[in-house]
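Letter by letter, the chains look like this.
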Amino acid sequence: MTKTVRCELCPNGCILENEQHSRCRTRMNKDGKLCSIVYGKPCAVHVDPIEKKPFFHFLPGTTAFSIATAGCVLSCKFCQNWQISQAKPEDTDTYDLPPEKVVKAAIRYESKSITYTYTEPTVFYEYMYDTAVLAKKSGIRNTMHSCGYINEKPLRKLSKYLSAADIDLKSFTEDFYNRICGGSLKPVLHSLAVLREEGIWLEVTNLVIPTLNDNIKTIGEMSRWMVKNLGADVPLHFSRFFPNYKLNNLPPTPVGTLTDARKAAMDAGLKFVYIGNIRHEAESTFCPHCKKLLIERIGYFVKRDNIVNGKCKFCGTPIPGVWS
Amino acid sequence: MKRREFLRILLLGSIFGLFGKKVKAGEKKENANGLKEAMFWRRLDNE
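Which chain is which? The protein sequence lines are A and B, in order. FYI, the numbering for the first sequence is 58 to 381, going by the numbering used here. FYI, the numbering for the second sequence is 1362 to 1408, going by the numbering used here.
Worth flagging that the hints you see were computed from the coordinates, not collected in a lab. Every residue, glycine too, gets a C-beta built ideally from N, C-alpha and C. Worth double-checking, as some hints may not be accurate.
Restricting the straight-line Cα-Cα distance to at most 30 Å, the calculated cross-link-like pairs of lysine-lysine (DSSO-like) are [unchecked claim]:
#1 A:K214 - A:K243
#2 A:K169 - B:K1383
#3 A:K134 - B:K1385
#4 A:K158 - B:K1383
#5 B:K1385 - A:K145
#6 A:K161 - B:K1383
#7 B:K1383 - A:K90
Computed footprint of chain A on chain B; a stretch qualifies when at least three of its residues, placed anywhere within it, have a C-beta under 8 Å from a C-beta of chain A [stated by the list, open to error]:
#8 1367-1373
#9 1400-1406
Given these sequences and hints, build the entire structure.
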């Protein structure tokens, strides 16, 4: 009898002989059984402001107990966390933190949510899922920051326990996903639509990289796709690129490119478009109706919050998000 | 969030890194134990 298995978690669809590891490095075929080698063994554990994820319309000013294991389903040349995302789990120092300990720690540190983040949470799916089930029972929300490179069935199963997701939409071209990330755009768009359909609070992040994905026309197309398929209320975060990993040859994103991208997205109809990784007034939330300042942010710090019961304090316009 | 609360979060954020007990990469007996059966996979017996 053959011991070959096929992983059906993400679009990579790894076919593994006995003792072989998956492309994400976190799963292996052990005697004809696919196993996770990172369950309960995070390499990064932090208490972060929820704004760091970034979530700007989800429990602002609260903390998120944040965990990650090594590994990733993609291999982005610009990865900001490549030291752990592109590492083998056995090459990283890890904590012994099974799901029940994660939930207990989140309660102890008074975090309103647990975020699966830093690397790609899909690679520690079983760990994330079991933790999410326990957390929900304890009244703690679950959120993830993901590249959205996951198959529909596992995503829908996880969605029952998720409150919010921030998805990296890294570009709007297949060419970028193929050449720069070692993946494909189509499954990411599908995941975004699935999350929207499942009623998960959704925010989208786009890292703008000079010369690679900073074409304003393409950014406009991406924004129009978002308005049509996800709705105008979904916040979009344009994040500033800094030279890193295999893209040390490129300069940081010019501020003008970020403001042009923001204008293109707002012209396309998106109501909440932010600029991140830089101090800028577009870090703050403005009412789409009366244009007044609603949430004033300085980096991850919320200085002022003028949203009362989910509405603009000045004109009463409902502001989409999860506020309590 | 008040400034004091924000500073508290920054402090909490580093607590795990400073005091959390980590298993060093070199001390691991990977694959010997601690494996968890994965979800979403199948055998290719009949293909």
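So, going through the hints one by one against the coordinates:
1. Between A:K214 and A:K243 the CA atoms are separated by roughly 20 Å; this keeps the pair inside 30 Å, and the hint holds.
2. A hinted pair counts as satisfied when its Cα atoms are at most 30 Å apart, and A:K169 with B:K1383 qualifies at roughly 25 Å.
3. Taken as a hint, the A:K134 and B:K1385 pair is honoured in the structure, with Cα atoms around 27 Å apart against an allowance of 30 Å.
4. The suggested pairing of A:K158 with B:K1383 holds, with an alpha-carbon distance near 14 Å, which does not exceed 30 Å.
5. Taking the CA atoms of B:K1385 and A:K145, the gap is near 13 Å; set against the 30 Å cutoff, the hint holds.
6. For the proposed pair A:K161 and B:K1383, the alpha carbon gap of about 18 Å is at most 30 Å, so the pair holds.
7. The straight-line distance between the Cα atoms of B:K1383 and A:K90 is roughly 28 Å, inside the 30 Å bound, and the hint therefore holds.
8. Counting residues of the segment 1367-1373 of chain B whose beta-carbon sits less than 8 Å from any beta-carbon of chain A gives 3, enough to reach three: the coverage restraint holds.
9. Under a criterion of three residues with beta carbons nearer than 8 Å to beta carbons of chain A, the stated coverage of the segment 1400-1406 of chain B is upheld, 7 such residues being counted.
Checked against the numbered hints above, the structure violates none of them.
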